[in-house]
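Undergrad: What follows is the residue order along each chain.
Protein chains: 2
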Amino acid sequence: MSGNLWTETEARRAGLQRSMEREGLDGVLITQNVGLYYFTGSMQTGYLFVPVEGEAVFYVKRSLARARAESSARIEELGPFRGFGARLAEDYPDVFGKKSPAIGADLDVLPAQTFLRLKEAVPNADWKDASALLRRLRSVKSPYETERIRRAAQAAASALEDGLSRLREGMTELELMAAIENSLRLQGHIGIMRMRGYNQEIMTGMVAAGEAAAEPTYFDGPAGGRGLTAAAPQSSSLRPIRRDEPILLDIGCCIDGYVIDQTRTAVIGRLPDELMRAYETAEAIMRETESALRPGAIPERLYARSLEMAKEAGLSEHFMGFGADQVRFLGHGIGLEIDEWPVLARGFADPLEEGTVLAIEPKFTFPGFGVVGIENTYRIAGDGFETLTLSPEKLYVVVG
Amino acid sequence: MSGNLWTETEARRAGLQRSMEREGLDGVLITQNVGLYYFTGSMQTGYLFVPVEGEAVFYVKRSLARARAESSARIEELGPFRGFGARLAEDYPDVFGKKSPAIGADLDVLPAQTFLRLKEAVPNADWKDASALLRRLRSVKSPYETERIRRAAQAAASALEDGLSRLREGMTELELMAAIENSLRLQGHIGIMRMRGYNQEIMTGMVAAGEAAAEPTYFDGPAGGRGLTAAAPQSSSLRPIRRDEPILLDIGCCIDGYVIDQTRTAVIGRLPDELMRAYETAEAIMRETESALRPGAIPERLYARSLEMAKEAGLSEHFMGFGADQVRFLGHGIGLEIDEWPVLARGFADPLEEGTVLAIEPKFTFPGFGVVGIENTYRIAGDGFETLTLSPEKLYVVVG
Numbered sequence: 001m002s003g004n005l006w007t008e009t010e011a012r013r014a015g016l017q018r019s020m021e022r023e024g025l026d027g028v029l030i031t032q033n034v035g036l037y038y039f040t041g042s043m044q045t046g047y048l049f050v051p052v053e054g055e056a057v058f059y060v061k062r063s064l065a066r067a068r069a070e071s072s073a074r075i076e077e078l079g080p081f082r083g084f085g086a087r088l089a090e091d092y093p094d095v096f097g098k099k100s101p102a103i104g105a106d107l108d109v110l111p112a113q114t115f116l117r118l119k120e121a122v123p124n125a126d127w128k129d130a131s132a133l134l135r136r137l138r139s140v141k142s143p144y145e146t147e148r149i150r151r152a153a154q155a156a157a158s159a160l161e162d163g164l165s166r167l168r169e170g171m172t173e174l175e176l177m178a179a180i181e182n183s184l185r186l187q188g189h190i191g192i193m194r195m196r197g198y199n200q201e202i203m204t205g206m207v208a209a210g211e212a213a214a215e216p217t218y219f220d221g222p223a224g225g226r227g228l229t230a231a232a233p234q235s236s237s238l239r240p241i242r243r244d245e246p247i248l249l250d251i252g253c254c255i256d257g258y259v260i261d262q263t264r265t266a267v268i269g270r271l272p273d274e275l276m277r278a279y280e281t282a283e284a285i286m287r288e289t290e291s292a293l294r295p296g297a298i299p300e301r302l303y304a305r306s307l308e309m310a311k312e313a314g315l316s317e318h319f320m321g322f323g324a325d326q327v328r329f330l331g332h333g334i335g336l337e338i339d340e341w342p343v344l345a346r347g348f349a350d351p352l353e354e355g356t357v358l359a360i361e362p363k364f365t366f367p368g369f370g371v372v373g374i375e376n377t378y379r380i381a382g383d384g385f386e387t388l389t390l391s392p393e394k395l396y397v398v399v400g
Numbered sequence: 001m002s003g004n005l006w007t008e009t010e011a012r013r014a015g016l017q018r019s020m021e022r023e024g025l026d027g028v029l030i031t032q033n034v035g036l037y038y039f040t041g042s043m044q045t046g047y048l049f050v051p052v053e054g055e056a057v058f059y060v061k062r063s064l065a066r067a068r069a070e071s072s073a074r075i076e077e078l079g080p081f082r083g084f085g086a087r088l089a090e091d092y093p094d095v096f097g098k099k100s101p102a103i104g105a106d107l108d109v110l111p112a113q114t115f116l117r118l119k120e121a122v123p124n125a126d127w128k129d130a131s132a133l134l135r136r137l138r139s140v141k142s143p144y145e146t147e148r149i150r151r152a153a154q155a156a157a158s159a160l161e162d163g164l165s166r167l168r169e170g171m172t173e174l175e176l177m178a179a180i181e182n183s184l185r186l187q188g189h190i191g192i193m194r195m196r197g198y199n200q201e202i203m204t205g206m207v208a209a210g211e212a213a214a215e216p217t218y219f220d221g222p223a224g225g226r227g228l229t230a231a232a233p234q235s236s237s238l239r240p241i242r243r244d245e246p247i248l249l250d251i252g253c254c255i256d257g258y259v260i261d262q263t264r265t266a267v268i269g270r271l272p273d274e275l276m277r278a279y280e281t282a283e284a285i286m287r288e289t290e291s292a293l294r295p296g297a298i299p300e301r302l303y304a305r306s307l308e309m310a311k312e313a314g315l316s317e318h319f320m321g322f323g324a325d326q327v328r329f330l331g332h333g334i335g336l337e338i339d340e341w342p343v344l345a346r347g348f349a350d351p352l353e354e355g356t357v358l359a360i361e362p363k364f365t366f367p368g369f370g371v372v373g374i375e376n377t378y379r380i381a382g383d384g385f386e387t388l389t390l391s392p393e394k395l396y397v398v399v400g
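Those sequence lines, one after another, are chains H and A.
The numbers in the UniProt record's numbering rise by one with no breaks, and the one at position 69 of the first sequence is 69.
The numbers in the UniProt record's numbering rise by one with no breaks, and the one at position 83 of the second sequence is 83.
Take these hints with a grain of salt, some might be off.
Said to hold, decoys possible - Each pair of labels, with its calculated beta carbon distance range:
#  : chain 1 : residue 1 : chain 2 : residue 2 : range
1  : H       : 123       : A       : 77        : 38 to 44 angstroms
2  : H       : 76        : A       : 171       : 39 to 45 angstroms
3  : A       : 77        : H       : 367       : 15 to 21 angstroms
4  : A       : 242       : H       : 238       : 36 to 42 angstroms
5  : A       : 292       : H       : 7         : 53 to 59 angstroms
6  : A       : 280       : H       : 61        : 30 to 36 angstroms
7  : A       : 170       : H       : 7         : 33 to 39 angstroms
8  : H       : 15        : A       : 386       : 51 to 57 angstroms
9  : H       : 147       : A       : 171       : 24 to 30 angstroms
10 : A       : 386       : H       : 100       : 53 to 59 angstroms
11 : A       : 304       : H       : 123       : 54 to 60 angstroms
12 : H       : 168       : A       : 169       : 33 to 39 angstroms
13 : A       : 123       : H       : 276       : 50 to 56 angstroms
14 : H       : 353       : A       : 354       : 57 to 63 angstroms
It is worth saying that the hints were derived from the structure and are not from the lab.
Using N, Cα and C, we set each Cβ at its ideal position, and we do this for glycine too.
Assemble the whole structure, with the sequences as input and the hints as a guide.
TA: Given below as structure tokens:
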């Protein structure tokens, strides 16, 4: 492991301990691969126990050798799962000697079956849902993390440029998507992007054109896309890209664990007037959001202001999806996962902090015609923000 | 939806009802995207309730429009989650009018947080873990499903051929992997492969060479690979491919929801003698397994026999991973997910049935040198088996 990540994961565990103390937790058990990586530097299979005071132990099932090489936390072999409670009691007598210690876990991702087994294996623990605490901790990124998001932004910008240079009338959404993915992969994209939400999946973003981009889907974003099959009902399809229709290029990639998310709109020829006006409204919403983007800004207010602007433009029904299929946010945190906190949505009232990284994505959906919009990733900085996305923000008019 | 899938998903729900009756369940709630698709033909977000008798309802949150277009089960809008219990009680008075109806759910994948909310929303249900029941149902594939696995096998065979034609000494694992992925994607690979196991992830398989292929990892398979980073510690790396070392090409893809999994070993030049002998042992294990592969065969016995053969060859410590990092199976079911049932492992004693599809993968790991082996996907047929994998089974000796 690089010295940076070693020091950093130690500091993250210390930060977790401070949060636990504030929230009255005696310990936290991290079970999810992304959480394990975040707090130890290793993604091997096992459980990380962090007591409110003292040293954490990463109990590893497999691969012990790899965990020992990667983790900044002390490694122990997990051993038989039914003995895990006794093991914890032995290693942490101060915690599990209590009558009913409050133990937090990442219950938003831990499957119920494993949770029920944990309850049996560690019978005196009073289990608490630590999901919100963990998501809040992860929302502020260190320079180490931001540097990786920057690298992902570079790969995405270069892949977009490469993709646009190949864009021709008549090629399918999938052909353009595959070219972009190939460029991303050769730049070190790990081949998957991670989402935390149950049942949420994401390919490497999507290229979607015309009415196919506007097809509604379960995907928790403003545009889902037609997709190749009902068994993967989102992202690119086999539809050919035509002239004078919006082409949505929502591109992500994951470099060294960190994701970027960016969207640009392109057209071969000319956008219909109504869609051009909507694109300009998306730009105006982006500028207005940027004007308020700084430490202290309230996420739900940024979202409320975007709703107002969509309404003033007469585009409420088209904003962030259409009608019943609208999503109720303007942006989202991004880091090791695509769908991090905070969300620019109602209910997110904690002020933004320096170091928070957000993807902001005003988009407008016109069923039968297409989706237009923009998505940039920002870092909240001392006196405002810094744009991490590197692709020039404009409507890309292509000869094709 | 095609007429086939309509009839088929109806039949699957009827099969589920027969299983529920046998196991004394009053109803089953399906929450996972793959399960929803399997039983309705639609992967939109919501909950499918199947009563032991009568009509199922798919309560959909988003997208209703798309679910209505895709699902063979009746669609209702989900509405506010806190009202879901009352809604079920109203729609299924015979079930929820009981004092404590036994309701199964897919607890192996449902997050604990959502499970705890469901327990509150549907207070009189006696929740049961239906994971095993659901996995058993899914293990036998219909002709409709097998046809899709065949298409995936075609794409994998063609991508392997394409990849091998580009293989050159000095190119990186990632470069070869990216070329294969590009071929798969253009043939309609949906861009992701699904695994059911918690924290398990898979790229499009892996290309891994020499000692990098032999590096242990958390991945629940015999070979993990070095990977690009500790944040994605498996699959291909930036290591250049050299002469006279084994190149493991473990290739998967997902066509119309169904996955294939196949492995071939290649070499530029000549394999070291010890690895050549191990490769031949993998072939011998494959032939021996095939000789017993038919309806009625017992999965754990097939595994036990492979262990014996590895031992006879003096290769026990190298079989299915090395030493402490060995996995304890010879193969696994495959379909909508990579890691389906049955597993060819201890504890799987139910006889194989006609229609079961299995990936069987004898492999040998030599730390510092590499991994050799084979993986084929088979369908259990009337009097034996049918090989679904289309790539010729041989050691691929490449000029490079």
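Undergrad: For each hint, tell me whether it holds in the structure or not.
TA: Structure-based check of each hint:
| no. | hint | result |
| --- | --- | --- |
| 1 | 123(H) to 77(A): 38 to 44 angstroms | holds (41 angstroms) |
| 2 | 76(H) to 171(A): 39 to 45 angstroms | holds (40 angstroms) |
| 3 | 77(A) to 367(H): 15 to 21 angstroms | holds (19 angstroms) |
| 4 | 242(A) to 238(H): 36 to 42 angstroms | holds (39 angstroms) |
| 5 | 292(A) to 7(H): 53 to 59 angstroms | holds (55 angstroms) |
| 6 | 280(A) to 61(H): 30 to 36 angstroms | holds (32 angstroms) |
| 7 | 170(A) to 7(H): 33 to 39 angstroms | holds (36 angstroms) |
| 8 | 15(H) to 386(A): 51 to 57 angstroms | holds (56 angstroms) |
| 9 | 147(H) to 171(A): 24 to 30 angstroms | holds (28 angstroms) |
| 10 | 386(A) to 100(H): 53 to 59 angstroms | holds (57 angstroms) |
| 11 | 304(A) to 123(H): 54 to 60 angstroms | violated (36 angstroms) |
| 12 | 168(H) to 169(A): 33 to 39 angstroms | holds (35 angstroms) |
| 13 | 123(A) to 276(H): 50 to 56 angstroms | holds (53 angstroms) |
| 14 | 353(H) to 354(A): 57 to 63 angstroms | holds (60 angstroms) |
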